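Chemist: Listed here are the chains, written in short residue letters.
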Amino acid sequence: MGLKLKALTKSPWVFHVSAGSCNNCDIEILDCLCPRFDIERFGALLVGSVRHADALLVTGAMNRKSAMRVKKLYDQAPKPCLVLAIGTCACDQGIFRGSYALTTPLDELLPGAVTAYVPGCPPKPEAIISGLVKALQTLQDK
Amino acid sequence: MTTIVPIGPFHPLLEEPELFRLHVDGETVVDIEVEIGWNHRGIEKICETKTFDQVPFVVERICGICSACHPTAYVQAVEDLADIEVPERALYIRSVITELERLHSHLLWLGLAGHFLGYNTVFMWAWKYREPVLDICEELTGNRNNYAMLKVGGVRRDLDESLFPSVLERMDDLDKHLNMLVGAVTDDPVLHARLKGVGILTPEAARAYGALGPTVRASGIPIDVRRDHPYAAYDLVDWDVISVDSCDVYGRAVVRLLECLESVKIIRRCLDQMRPGEIDSGVKEIPPGEGIGHAEAPRGETFHYVRSDGTNRPIRHKARAPTYMNLPTCRATTVGESITDATIILASVDPCYSCTERMGVYDASTGQKALDGKQLIKLSQEKTRQLREEMGE
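Protein sequence lines, in the order shown, are assigned to chains A and B. Each residue of the first sequence is one higher than the one before, counting from 1 in our numbering. Each residue of the second sequence is one higher than the one before, counting from 1001 in our numbering.
If you're looking for bench data, these hints aren't it; they were derived computationally from the structure. Predicted model only: the values in this text are computed from it and were never measured. You can trust all of the hints, since none of them are fake.
Just some of the chain A residues that point at chain B, by a computed CB distance under 8 Å: (1) PRO35; (2) ARG69; (3) ILE95; (4) SER99; (5) TYR100; (6) CYS121; (7) LYS124.
These stretches of chain A come out as covered by chain B in the derived footprint (C-beta under 8 Å, 3 or more residues): (8) 22 to 28; (9) 52 to 63.
From the three backbone atoms N, C-alpha and C, an ideal C-beta is built for every residue, glycine too.
All chains, full assembly: derive it from the sequences and hints.
Modeler: Here's what the structure looks like:
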């Protein structure tokens, strides 16, 4: 593992992308940052620009308007970039599958890019933290 | 000369994607545009493909933080349609769940408002005290959000009475912490300077925009569906409608904080007065007809309309969330203010975009709207006439 990757695993900065979600997962992601769960223990920090991000936390079922923005955001992120599908909607569109407003699921939109799936409606903050830690472990194997 | 400052759609300040275009002249906002649709999921159409019993699961995912109010409004619409009597215990349980939701929603808003002001201490404290409420939700219903408690004709599961003493104990704790937060917000000179006299929404403007919930109660108009059209157990317990007439952002914060104290009161009394009994009236069939239901969500009145043709699925389901009425008031409140105050004014209506999403159809070749308002009304009226003929009304 190179120095850059080692540094990344110590302080994964995350960028939050909400693409057609019911905002429950978004609230649980914010909850991770708050005193009880405190994801900063793992060096994770919510950043304002995708160009500073090491991990994208994607929530939502990918609707027509936001799906292409998600792809654009992923292209702008520096690589390696971890992509976490947070919530059942991001994993497989969940209860909204088949709606006229949705396009392809996240893993078809960004083929091969999704590092971890965190199912749940909404996933508990513990599950999100566990997902992030497991995603970081995949980097350590490289 | 005006400059356009875009906020969003994927902006670190916003938990949901939406786009505000602030037209500014120097530091002053002269115009504002809102673009929505980033969260549109076509829920009304999905509901038409589900059975009456499945729809509550879809509508509670309209918005994560109103996940008890939307199903409450929906089941009340179906109960109105089919004339269903709901057992008393189920009414109390509905009140408890919706009030727990109001508690954690208002605390969430307070935290975010603090964050927008650069007051991260308020953010962390409010969210810290929000956690016990979510714990109670998890113990009583099985999930932190999306409770799946509502069902046509009653509730889906009973509350465990052995948990009540510990819930009441935590309510006492929360009461203490809330009073501390009320004191902290009302005594802080910095918050006074930032919030007082900012984002004025006059009662006339509030009426003209049809604003709802804490937004309008802070403009001195004490309307509340829980009192005006009582549902669940709100007419069985004592509580007060909170209203202040300062018309500014500070007023909206105070209304929300005091409402939290009212919610604690309602939960205590509901748990106290609840008697063992049936929780479900065992609905078998939904007759043809139409019904409406409303519920007071943390942000204002949620309205649902359901039409049935006698099959097991609704043929039309319409939902209107409070933010749809509250968001346009930003034209009245932000224009003329400085750009530094714009964010907190926009946040002061507690906007929830996933509730608000609507869509329009555009012709890709010309860029023009495929159907305008008049055509849509004409289409809608034709459909009603056609349905009436089919149903022999």
